[in-house]
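If you follow the hints, you should be able to join the two separate chains into one complex; please do so.
Chains as they are written, first to last, in our numbering: chain F, 49 to 259; chain U, 626 to 808.
Check before you lean on any hint, since a few could be wrong.
[Stated by the list, open to error] Here are the computed lysine to aspartate or glutamate pairs in the EDC-like style, where the Cα-Cα straight-line distance is at most 16 Å:
id, chain 1, residue 1, chain 2, residue 2
1, F, K167, U, D649
2, U, K684, U, E777
3, F, K165, U, E728
4, F, K168, U, D649
5, F, K101, U, E723
6, F, K244, F, E142
7, F, K172, U, E723
8, U, K769, U, E728
9, F, K167, U, D659
10, F, K168, U, D659
11, U, K716, F, E142
12, F, K168, U, E777
Quick caveat, the hints were computed from the structure, so don't treat them as lab data.
Read off the chains here:
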Amino acid sequence: MTTIDQENKKPPRSELAVAASLDSEIMATKEDVQDPRIPKIASSIRVIPDFPKPGIMFQDITTLLLDTEAFKDTIDIFVERYKGKGISVVAGVEARGFIFGPPIALAIGAKFVPMRKPKKLPGKVISEEYSLEYGTDKIEMHVGAVEPGERAIIIDDLIATGGTLAAAIRLLERVGVTIAECACVIELPVLKGREKLGETPLFILVTSDAA
Amino acid sequence: MSGNKEEEDPRINGIKTRIRVVPDFPKKGIMFQDITTVLLDPKAFKDTIDLFVERYRNKNISVVAGIEARGFLFGPPIALAIGAKFVPLRKPKKLPGETIFEEYELEYGNDRLEMHVGAVEAGDRALVVDDLIATGGTLCAAIKLLERVGAEVVECACVIELPELQGRQRLKGKPLCMLVEYR
Chain F
49 MTTIDQENKK PPRSELAVAA SLDSEIMATK EDVQDPRIPK IASSIRVIPD FPKPGIMFQD
109 ITTLLLDTEA FKDTIDIFVE RYKGKGISVV AGVEARGFIF GPPIALAIGA KFVPMRKPKK
169 LPGKVISEEY SLEYGTDKIE MHVGAVEPGE RAIIIDDLIA TGGTLAAAIR LLERVGVTIA
229 ECACVIELPV LKGREKLGET PLFILVTSDA A
Chain U
626 MSGNKEEEDP RINGIKTRIR VVPDFPKKGI MFQDITTVLL DPKAFKDTID LFVERYRNKN
686 ISVVAGIEAR GFLFGPPIAL AIGAKFVPLR KPKKLPGETI FEEYELEYGN DRLEMHVGAV
746 EAGDRALVVD DLIATGGTLC AAIKLLERVG AEVVECACVI ELPELQGRQR LKGKPLCMLV
806 EYR
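Pulled out of the complex, with its shape left as it was, chain U reads as follows (with noise of 0.2 Å):
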């Protein structure tokens, strides 16, 4: 599933069509993937989660962590099928009560991104839910977070990879599952 063309599950092309390409979005030179098209499409969204919850089902995992705001898309039907908690990764000031944060990189300037504290506890085991992999950021500060509240963070779980940006590199060693490149 992680891009071995030889192993490629029969519904991954149907997942791969469904995604459609908007150019120069938010800016120009960007291509941006968008993943609604594929929520449109009741067989193509179900076989994205089919995919990612075999997968993970029988791995004792009891967080799935999404990023906000397409993560919130993809994460919670994994969640519900394997039984883990869902947890959200939020901008700031979104969650309310005790949170802690982790800043990361943007193009210009930083970002946060925010979980609740308790909503994790040591020695949860916990996969980190997007719909895409650009640079790693997020993703790298997604697992920061985990990790400094003693959870395992078994894999990073994406729909959509950009190979180009080379993420897979930053993610401190956690491997990445995607179904589908874009390059």
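Chain F on its own, in the form it takes in the complex (with noise of 0.2 Å):
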């Protein structure tokens, strides 16, 4: 499938971002060097304006998925930059961050573990708040699917506002994980979700423009 550009506005995707680490131990890279793999990776996301609604230009990462070579390219980068690490749990936002976790888990050798909306977990969760434009929705996760002193990365496909990945963030921190760092393929930093994210670092791939 091909990208969907709309005519007389700015192309939906710019190119890399390749955010440098202040976390010695994960390596860092230089702003200016862009890894030959993401103009692929940035070409074969598709851009669906006006969804969910009206003015939001969606950043669709099924045409990704559907590229066989891009999305292994993408599963590369992050185990690349995560293997050898001391990262233990790779935890993955539902439902889309289910898509990009495991494949990092298993290549690195940490657990996965879901983080949902309510509800879809059996058995004990805790669960942490988070803002929506209009109210609030909830994250949970397994009581006892992390310890205290693991190491973690959260993983989704994209991050907009940085209220889910807060949210993750705080739930970890909770029971006494730290996380290494929040890493995404797509963001949207005119929405300034790095913002929220606090101390913790963002690695992401591909920037756009179209928020």
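As structure tokens, this is what we get:
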């Protein structure tokens, strides 16, 4: 599937943004070095206007999943960054975080911990509330899935306002886990999600101005 | 791998012991098969994926379709390892853009499964992946969706089967591969 580019509008994607992490244990990259795999990953993402409501340019990663090379490269870039860095937990936010998180977890030998909407996880859970445009929502994690002292990364397909990721960070920190980094395929920097993550660094592959 | 005890791969017992059964979830009387505990054991999770990958890697599978949301945990690693596209099959209104849907029955009422138009092409050879097969309703809807666009469904793959619910009979004649039975 090819990307839909709107006529007379800015291209919906820009190029690589690499976060130079302050954590010295995680490989730092120079900001002007672009991984040659990134342009293909960026161009495999489809932008759908006015979804889920008018004015929103939705970043659709399902087309990335249809491109076997782009999907493999996406996972490889994350795996290369996190392998051998003492990460024992990959936490993925439902549902698109479930697509990217497990392959990374498997490749680096970490547990995968799903973070879910309310009432989906059976048994004992802890939950964290976060704000939406109107109202609030919650994410939940299983009690006992993680242990104090573990090092985690949190994965989602995209960071927009950062509300969900910030809630995920709080949940894990409440049980004594250190979050080494949040990792997303796409960032919408206009929405300033990075600011909600506090001290936790953010690593992304593609930025989009289409917010 | 489909339940014949004499052929049982030694990795299967390790996977089975990692599945957690939660009584009375989501409602009384249901013994919920929780696979999240398999995901917490890197070896058990890897073995689960490896068993499916070994089975499918030389079968020219071009599509792995995973059913939201727990099919998303197992489908993509399989797809990546065998070089197939991953296609998410989702509840209504989650997929942006043009979709097709198939309805299926619940205990009370109906639900729908959606797939993107254009994700799967005529002639694609597909697997359908989910964590568990119960009545087979969702898997049957998935098979119908894929067949409507001209794909050939080669097999359904689930970690767990609840054989008493006879889901296997509802797969339009398609074979089922599962790792663990729960009676």
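Hints and how they fare:
{"no.": "1", "hint": "K167(F) - D649(U)", "result": "13 Å, holds"}
{"no.": "2", "hint": "K684(U) - E777(U)", "result": "12 Å, holds"}
{"no.": "3", "hint": "K165(F) - E728(U)", "result": "24 Å, violated"}
{"no.": "4", "hint": "K168(F) - D649(U)", "result": "13 Å, holds"}
{"no.": "5", "hint": "K101(F) - E723(U)", "result": "15 Å, holds"}
{"no.": "6", "hint": "K244(F) - E142(F)", "result": "19 Å, violated"}
{"no.": "7", "hint": "K172(F) - E723(U)", "result": "38 Å, violated"}
{"no.": "8", "hint": "K769(U) - E728(U)", "result": "10 Å, holds"}
{"no.": "9", "hint": "K167(F) - D659(U)", "result": "13 Å, holds"}
{"no.": "10", "hint": "K168(F) - D659(U)", "result": "11 Å, holds"}
{"no.": "11", "hint": "K716(U) - E142(F)", "result": "13 Å, holds"}
{"no.": "12", "hint": "K168(F) - E777(U)", "result": "32 Å, violated"}
Checked against the numbered hints listed earlier, the structure breaks hints 3, 6, 7, 12; every other hint is satisfied.
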